[in-house]
Each structure stands twice: as structure tokens, then as C-alpha cells.
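Visitor: Residues per chain, in single letters:
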Amino acid sequence: MKYISEFRQHDLALQLARAIAQTVSPDRHYRLMEFCGGHTHAIFRYGIQDLMPDNVEFIHGPGCPVCVLPTGRIDNAIQLAEQQGVILCTYADVLRVPATGRHSLLKAKANGGDIRMVYSTQDALKIARDNPTRQVVFFAIGFETTTPPTAVIIQQAQAERLGNFSVFCNHVLTPAAMGAILDAPLSPLANTGRASPNLSIDAFLGPSHVSTIIGSQPYQRFAKCYAKPIVIAGFEPLDVMQSVLMLIRQLNEGRHEVENEYSRAVTPQGNLKAQALMREVFELRPQFEWRGLGLIADSALTLKADYAGFDAEQRFNLPAIQASDTKGCECSAILRGVKKPQDCKLLGTVCTPENPMGSCMVSSEGACAAYWSYRRNGAAG
Amino acid sequence: MCLALPAQIIAIDTATNMATASIDNVKVEVSLALVDDVALGDYVLVHVGYALNKIDEEEALKTLALFAEAGLMSVP
Ligand code: SF4
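Residue numbers (our numbering), protein chains in the order written: chain A, 1 to 381; chain B, 1 to 76.
By construction, these hints were calculated from the structure, which means they are not laboratory data.
Keep in mind that a hint or two might mislead.
Claimed, not checked - Derived DEER-like restraints, expressed as beta-carbon distance ranges: (1) B:Met73 / A:Arg255: 14 to 20 Å; (2) B:Ala68 / A:Asp183: 23 to 29 Å; (3) A:Arg8 / B:Met73: 17 to 23 Å; (4) B:Asn25 / A:Thr100: 56 to 62 Å; (5) B:Asp13 / A:Glu160: 42 to 48 Å; (6) A:His10 / B:Ser22: 22 to 28 Å; (7) B:Ser22 / A:Tyr226: 38 to 44 Å; (8) B:Leu40 / A:Glu253: 17 to 23 Å; (9) A:Gln49 / B:Asn17: 40 to 46 Å; (10) A:Gln314 / B:Met73: 55 to 61 Å.
Unchecked claim - Dumping the calculated DSBU-like pairs for lysine-lysine here, alpha-carbon to alpha-carbon at most 30 Å: (11) A:Lys273 / A:Lys327; (12) A:Lys273 / A:Lys107; (13) A:Lys109 / A:Lys327; (14) A:Lys327 / A:Lys304; (15) A:Lys2 / A:Lys345; (16) B:Lys62 / B:Lys27; (17) A:Lys109 / A:Lys126; (18) A:Lys224 / B:Lys27; (19) A:Lys327 / A:Lys345; (20) A:Lys273 / A:Lys304; (21) A:Lys126 / A:Lys304; (22) B:Lys62 / A:Lys126; (23) A:Lys273 / B:Lys62; (24) B:Lys62 / A:Lys2; (25) A:Lys126 / B:Lys54; (26) A:Lys327 / A:Lys126; (27) A:Lys126 / A:Lys224; (28) B:Lys27 / A:Lys345; (29) B:Lys27 / B:Lys54; (30) A:Lys273 / B:Lys27; (31) A:Lys304 / B:Lys62; (32) A:Lys109 / B:Lys62.
To be verified - Not close to chain B: a few residues of chain A, all C-beta gaps over 10 Å, as computed: (33) Glu6; (34) His10; (35) Gln15; (36) Gly38; (37) Glu82; (38) Gly112; (39) Ser120; (40) Thr133.
Note that the coordinates shown come from a computational prediction; the quantities given were computed from them, not determined experimentally.
Note that beta-carbon positions come from the ideal geometry of N, C-alpha and C, so glycine has one too.
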């Protein structure tokens with residue numbers, strides 16, 4: 001398959017692994033945070049950690065939209081689905097995320113809530129057109145990759161004067177999360193028995209598809225102000241390995257630049273049309289809660305006043321809900337990069353993909369789900 | 001959630017700004033609302049039913065050349 005199989009060739013992976021082994025300096029440790037869940041998934045699925053020298057460690061980042069959504073927002077979505085006459089449209093990934101009291105959208109659906117899985121935002125709009133007597137709400141989640149498709153349907157809904165349609169907006173911003181991770185005080189890796197006393201990230205594998213939209217430019221300030229090398233990396237296994245090699249070279253040479261391995265899809269400016277659309281429809285929220293990272297200023301989007309009529313939070317007067325995570329679940333620490341899935345006592349005993357206790361076990365991009373699906377019989381990673 | 005797949009554009013409906021794209025011979029409907037100047041035969045990244053960007057063939061070849069270069073360096 002063009003643009004896929006060429007980037008998965010096994011022999012090339014082994015050669016890249018050898019090149020990495022020859023490039024690392026034996027007397028240092030390399031801690032590389034893969035920001036995106038898509039990279040986490042690829043690293044586990046293709047066994048990339050096994051191809052790395054012992055002193056190259058992947059730290060899983062918060063770039064999994066399902067994982068970082070706080071419980072209170074899932075509670076809100078369930079409230080919406082339980083209202084008379086409402087059809088809640090959602091991407092499939094969020095259905096099984098645990099809400100307060102072991103509830104979930106899946107259970108709300110089983111209890112009679114009209115919850116419909118959609119593949120595209122266009123499907124949600126169609127449901128609204130086809131059901132003029134019902135209130136149709138789209139549960140919008142995701143980073144900058146998924147935001148422009150939401151902006152498109154909000155504009156369409158306005159053009160069509162679709163009075164029965166609204167959006168429960170939970171779109172969040174990648175650079176804000178990266179800043180929060182870098183600004184977090186060094187936190188001790190409590191009880192993990194790991195050699196490193198502090199969370200310290202040496203470099204970042206930058207997002208693939210988020211960057212197709214925002215471009216490589218927004219990462220410049222992290223490279224500059226925090227002296228962290230960043231390589232925008234594709235999601236295919238060879239992309240990940242080549243990017244690791246580029247990061248290691250930067251670290252060895254004392255450089256900290258933004259480099260772009262995924263140049264076949266990412267430009268410095270990104271997709272200007274999509275950015276203009278986002279700016280037209282959305283504005284920054286003063287702050288937003290992230291699972292694991294807490295409240296982050298200017299880190300999420302809400303509908304602008306011109307489109308406020310399509311804002312489900314206003315239409316249904318949704319309350320802000322402070323909810324706590326399942327006891328024992330380590331998702332918060334995992335999302336900050338200070339713990340790994342295997343540090344959680346519930347992993348695989350109480351918490352499995354069939355019966356997830358935390359959000360990191362739900363999406364295939366979540367670190368716990370990726371670990372459990374691909375690693376449980378292998379070495380720790 | 002952020003997964004996107006390379007797909008080749010095989011038909012374009014300018015009236016609706018929609019296209020048919022082929023991913024490994026599976027046909028999918030794709031909105032072109034986020035991209036300009038997409039032509040038949042182009043490869044685009046498809047995410048939740050939208051083309052996010054065109055894929056640049058020349059850049060893809062450059063990246064493949066980088067892999068080969070690392071391969072040469074690693075010859076024992
Ligand atoms: S294994 Fe389950 S309970 Fe433990 S951190 Fe992961 S999602 Fe939470």
C-alpha cells in the first residue's frame with residue numbers, strides 16, 4: 001500500500017536499529033517523550049522498544065484525547081444523553097470511558113439513552129437533518145486534528161439554520177499540554193524503583209497528524225525556551241525509528257531544534273485553511289481541566305459568540321462537574337509521564353480493555369491499552 | 001483518535017466538495033472542506049472522513065532516502 005508498506009519494511013527497521021545503537025553514547029540515558037498516543041500505539045504494536053539500546057527509554061505522553069478528557073466531562077455527556085428527546089452523537093472511542101460511579105456512555109445507551117456512534121462529523125449533521133423534532137448533540141473531542149471537522153459542521157449548521165443541532169465542545173490544544181508537561185515541577189517517581197530520581201524529558205517525538213494542521217512552527221518556542229530537541233515524526237514504525245535517530249543525534253551534538261521527519265505531510269505553516277476555520281468558529285477558554293495535568297490556562301476551545309447558539313453547554317445549561325478518578329487508577333501519573341502502565345496494581349487484574357477502570361485502558365492510543373494488548377507477555381516497556 | 005490514512009482520490013464532486021478516495025482498494029467518502037487544489041490521483045491523509053492534507057511525493061521519497069542512508073551507516 002502506497003505510503004504505508006514502504007514505511008514498515010522489516011529489514012530497514014533492523015538497519016535503523018543498528019544505526020541507533022551505533023549512535024547512542026553509552027554513558028548517557030536518553031528519555032524521549034512520545035507526545036501522541038498514536039506513537040505510543042506504534043511503539044508497542046511494532047515492538048520498537050525492543051529494537052532500542054537499553055539506554056533509550058520512551059516516556060508516554062498525554063497526547064491521547066480520550067485519555068485526557070476528565071471524568072466530569074463524560075458525566076456531562078451522560079447527562080445530555082439522559083435528557084428527554086436528545087440524540088447524542090459521539091466517536092466510538094469515548095463510549096467505554098469510565099464516568100463517575102462506574103457509569104459510562106455505553107451503559108447509558110444500554111439503559112435507553114439514544115447514543116449514536118458516528119465516524120465523521122458529517123454523520124452527526126445528517127442525523128440532525130433527519131430528526132428535526134429531536135435535539136441532536138455532537139460530543140466533540142480531540143486535538144487540533146479533529147477540531148477542523150467540528151468547525152466545518154458548525155458553519156454548515158449555521159448556514160442551514162439547523163436549530164436542533166449543537167456541539168458539546170471538548171477540543172484541546174497540543175502546545176498548551178506540551179507547555180504544561182515542561183512546566184510541571186520535577187516530581188519524584190514514587191515507589192517505582194526506577195533509577196532516575198526525577199521526571200526529566202530529554203527530547204520529544206512531536207505529533208504527526210496534529211502537526212499536519214498546526215505545522216511545525218508552534219514547537220519552536222519549546223525547542224528554544226526549554227532547550228528540548230523536537231522531531232515531528234510520522235506514525236509508521238520506520239518514521240518513529242528515524243525520528244529517534246534524529247533526536248539522539250541532536251542530543252549528542254548539544255542541539256535543540258525542531259526537525260521534521262514527517263515532511264511528506266507536515267509543513268512549517270501547517271494547513272492554513274483549517275487554521276482559519278478554527279479561528280473563525282472557536283476561541284480560547286480561559287482554562288480547561290485535563291486528566292492528569294489539572295487545570296491548564298488557554299488550553300481548550302469553545303464556540304465564539306457568533307456561534308453560541310450551537311453550544312450545547314449553553315443550550316442545556318451544563319454544570320461544571322468536579323469528579324474524581326477510580327481509586328487506584330494511575331492514569332493521571334501516566335499521562336504526566338511519571339509512571340508507566342506496569343506501575344499500576346489494577347493493570348490486567350481489575351482493569352482490562354473489556355472492563356476499563358481508567359481512560360488509558362479505553363482507547364487503543366492509551367498507554368495502558370497499548371501495553372496490555374501488545375506487551376503483557378514480553379519484557380517491561 | 002488522531003489516526004489518519006493515506007488515500008488516493010479517485011472521484012471528485014465539486015458541487016458538494018466531497019470526494020471518493022481509495023484506501024487499499026476500499027472506497028471511502030471524504031470531505032474536501034479543509035483542503036484546496038486536490039486533483040484526481042492525489043494522495044491525501046484521511047481522518048474522520050476529511051482530507052487533512054495532501055501527501056507530498058517528493059518529500060516521501062526524501063524520507064525513504066534518509067532510511068537508506070542510516071542503513072548504509074549501520075553496515076557492520
Ligand atoms: S491499568 Fe487501568 S486502572 Fe491502572 S492506570 Fe491504567 S487505566 Fe488506570
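Visitor: Hint by hint, note whether the structure agrees.
Guide: Evaluated hints:
1. B:Met73 / A:Arg255: 14 to 20 Å: holds (18 Å)
2. B:Ala68 / A:Asp183: 23 to 29 Å: Given about 40 Å between the Cβ atoms, the range is violated.
3. A:Arg8 / B:Met73: 17 to 23 Å: holds (21 Å)
4. B:Asn25 / A:Thr100: 56 to 62 Å: violated (45 Å)
5. B:Asp13 / A:Glu160: 42 to 48 Å: The hinted range 42 to 48 Å is violated for B:Asp13 and A:Glu160, with Cβ atoms some 18 Å apart.
6. A:His10 / B:Ser22: 22 to 28 Å: Holds: the Cβ-Cβ distance is about 26 Å, inside 22 to 28 Å.
7. B:Ser22 / A:Tyr226: 38 to 44 Å: holds (42 Å)
8. B:Leu40 / A:Glu253: 17 to 23 Å: The hint (17 to 23 Å, Cβ to Cβ) is violated, given that B:Leu40 and A:Glu253 are roughly 44 Å apart.
9. A:Gln49 / B:Asn17: 40 to 46 Å: holds (43 Å)
10. A:Gln314 / B:Met73: 55 to 61 Å: Given about 58 Å between the Cβ atoms, the range holds.
11. A:Lys273 / A:Lys327: violated (44 Å)
12. A:Lys273 / A:Lys107: violated (39 Å)
13. A:Lys109 / A:Lys327: Cα-Cα ~25 Å, so holds.
14. A:Lys327 / A:Lys304: Given pair A:Lys327, A:Lys304 is violated - Cα atoms ~37 Å apart, limit 30 Å.
15. A:Lys2 / A:Lys345: violated (42 Å)
16. B:Lys62 / B:Lys27: holds (29 Å)
17. A:Lys109 / A:Lys126: Holds, at about 20 Å.
18. A:Lys224 / B:Lys27: Violated - the C-alpha atoms of B:Lys27 and A:Lys224 are around 44 Å apart, more than 30 Å.
19. A:Lys327 / A:Lys345: holds (11 Å)
20. A:Lys273 / A:Lys304: Given that 30 Å is the threshold and the Cα spacing comes to 18 Å, the pair holds.
21. A:Lys126 / A:Lys304: Holds, at roughly 23 Å.
22. B:Lys62 / A:Lys126: violated (41 Å)
23. A:Lys273 / B:Lys62: At roughly 26 Å apart (the allowed maximum being 30 Å), B:Lys62 and A:Lys273 satisfy the hint.
24. B:Lys62 / A:Lys2: Holds. B:Lys62 to A:Lys2 sits at ~15 Å (cutoff 30 Å).
25. A:Lys126 / B:Lys54: With Cα atoms ~27 Å apart, A:Lys126 and B:Lys54 stay inside 30 Å; holds.
26. A:Lys327 / A:Lys126: violated (40 Å)
27. A:Lys126 / A:Lys224: violated (45 Å)
28. B:Lys27 / A:Lys345: Given that 30 Å is the threshold and the Cα spacing comes to 44 Å, the pair is violated.
29. B:Lys27 / B:Lys54: holds (18 Å)
30. A:Lys273 / B:Lys27: holds (25 Å)
31. A:Lys304 / B:Lys62: Judged against 30 Å, a Cα distance of about 41 Å means the pair is violated.
32. A:Lys109 / B:Lys62: Outside the cut-off at roughly 49 Å; violated.
33. Glu6: violated (6 Å)
34. His10: holds (12 Å)
35. Gln15: violated (4 Å)
36. Gly38: Answer for A:Gly38: violated, closest chain B Cβ roughly 5 Å.
37. Glu82: holds (25 Å)
38. Gly112: holds (27 Å)
39. Ser120: The assertion about A:Ser120 is violated, with a minimum of 3 Å to chain B.
40. Thr133: Holds, because the least Cβ-Cβ distance between A:Thr133 and chain B comes to about 26 Å, which exceeds 10 Å.
Hint compliance for this structure: hints 2, 4, 5, 8, 11, 12, 14, 15, 18, 22, 26, 27, 28, 31, 32, 33, 35, 36, 39 are broken, all remaining hints hold.
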